[in-house]
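Chemist: Mind docking chain B on chain A? Use the hints.
Read off the chains here:
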Amino acid sequence: MKVKSATAKDVPSVIEIKDLKISFGNFEVLKGANLSLFKGENLVVLGKSGTGKSVLIKIIVGLLKADSGLVKVLESDVESLIYKDLLKLRLRIGFSFQNSALYDSMTIRENLEFPLVRNRRELKKQEINAAVEEVLEAVGLSQTINQMPSELSGGQRKRIGIARTLILKPEIMLYDEPTAGLDPITCFEINNLINQVQEQYKTSSIIITHDLTCAKEVGNRVAMLLDGKFEHQGTFDEIFSSTDALIKPFYDYNFIQ
Amino acid sequence: MDEKVTGLKKNNEAPKSFGWFTRMFLTLYEVYLFILRFFKEGFLPPYEGKELIKQCYNIGLKTLPLISVTGFITGVVFTKQSRPSLAEFGATSWLPSLVGIALLRTLAPLLTALISAGKVGSSIGAELGSMRVTEQIDALEVSATNPFKFLVTTRVLATTISMPILTFYTAFIGLLGSLLNVTISENTSYKLFFESALEQITFLDITASTIKAILFGFTISMVGCYQGYNSLKGTEGVGKAANSAVVIGMFLVFIEEVITVQFFGIFRT
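Keeping their order, the protein sequence lines are chains A and B.
Residues in the first sequence are numbered consecutively from 823, following my numbering.
Residues in the second sequence are numbered consecutively from 12, following my numbering.
One should not assume that every hint holds.
What the hints assert, rightly or not - Here are the computed lysine to any residue pairs in the SDA-like style, where the Cα-Cα straight-line distance is at most 20 angstroms: (1) Lys946(A) to Gly962(A); (2) Lys61(B) to Ile950(A); (3) Lys65(B) to Lys1038(A); (4) Lys910(A) to Tyr58(B).
As the list claims (entries may be wrong) - Which residues of chain A face chain B? A few of them, derived with a C-beta cut under 8 angstroms, are: (5) Phe917; (6) Phe919; (7) Asn921.
To be verified - Here are some of the chain B residues that sit facing chain A, going by a computed Cβ distance under 10 angstroms: (8) Ala102; (9) Thr103; (10) Ser104; (11) Glu138; (12) Met142; (13) Glu146; (14) Gln147; (15) Asp149; (16) Ala150; (17) Glu152; (18) Thr156; (19) Asn157; (20) Met261.
Calculated from the structure, these hints are not laboratory results.
From the three backbone atoms N, C-alpha and C, an ideal C-beta is built for every residue, glycine too.
For reference, chain A alone in the conformation it holds in the complex:
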């Protein structure tokens, strides 16, 4: 079930992006992007491949350095943080990678334990076990606990990737193409999981996708990244009722029931 949309009027923002610019060589990817993520909302970022959607969330979490602009996450200016403080901030952000990025050499249990063992050294073994079981149950994959990542399907890996980020109980979730390369049924399950995470863990999320079904299912708000800027933001229906020549083809070439 999708949580009610948040608006700028009644809730504070947890991410504030202003005039963000980044280029790779001569290719300018973001050309002054402005975006806000409000507390408790699921914001879907839509755009064609190569428009800088993944770059945007990598800048948010400090994995990439922007050329200019302001990136404020949970009241901290990411660009000016020292490494130690950046690591602290990252503990409050969950990042679900496009290819799950599970550690190949570790079992599912070890993958899930890893962030806790590293960052919550005061926890006892029983507490860690309980946390692992809780997140595995949340993603519905308790039976995979002793398996290796290579033994899981693409959808299961995505779920475990999400579980690994949830174990630190983040305030913000960043999903990079959560439904890419998955069959429609698994996409449906992942969409439900994103909504469930929002409801159960009270997260604010940015979901990067070009899957319109996903956008419609999980997004409280949609932002279209076109030519390096967010020119159109609003609800799914508001965005796609537009007759804008850049937005319309995006909708027309997608199949939505």
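Modeler: Just chain B, lined up with the frame of chain A:
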């Protein structure tokens, strides 16, 4: 935010428009920063003790079977090939000393380093390269773990610590191979063989071998880590990282061998 602070860069390579000479210097500068970062982060807390022990096991203990076989064969072959030349002068009794000195001064450190460059260097390059490609290094970053400290410093330290141990082990196994050849050819007791073999070995030989082994271990692992950690995206990048780790590692080991032999030669005269 300083790139050196996060350890992440916007682009992995120097622009292609730069000449090869400029690009080479930029790469050397990057290597310098990489090594500098190792010394900065490797010796400051928090320490990655558990991961270091795991890597010592992976790098050191798992290389033992291969080292044992090659060390033993080298001992047998070297003794067999040296015997006719010494026999011409009626000096076969010097054989254990010759083998002992040759093994400890050069053969054992070099052999161990070359085997390690092939086994350890390539595996580090491929492992870190595939971790880079599949975003596992980024995943470490976002889970508030310093990937450089966790992946690079532990592997470099483990290889640097393991290499002297492996080198002396190879020398010992090589001597066993030599002993086998000697006992087959003539009636010599193992006690006499080892006494003769170790008789000519000096403290300088042991010091030089230890320093060489440490240097080789550091070089091999550092090259493997640098290539893997900065691997380009895609499977081709992983292949290149593993290949470069071996080729560059071996090349540098030979260069270092020449330099150290010259250096320690000063103390022998």
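Chemist: Let me make sure I understand: some of the numbered hints might not hold for this structure. Which ones are they, in numerical order?
Modeler: 1, 3, 8, 9, 10, 20
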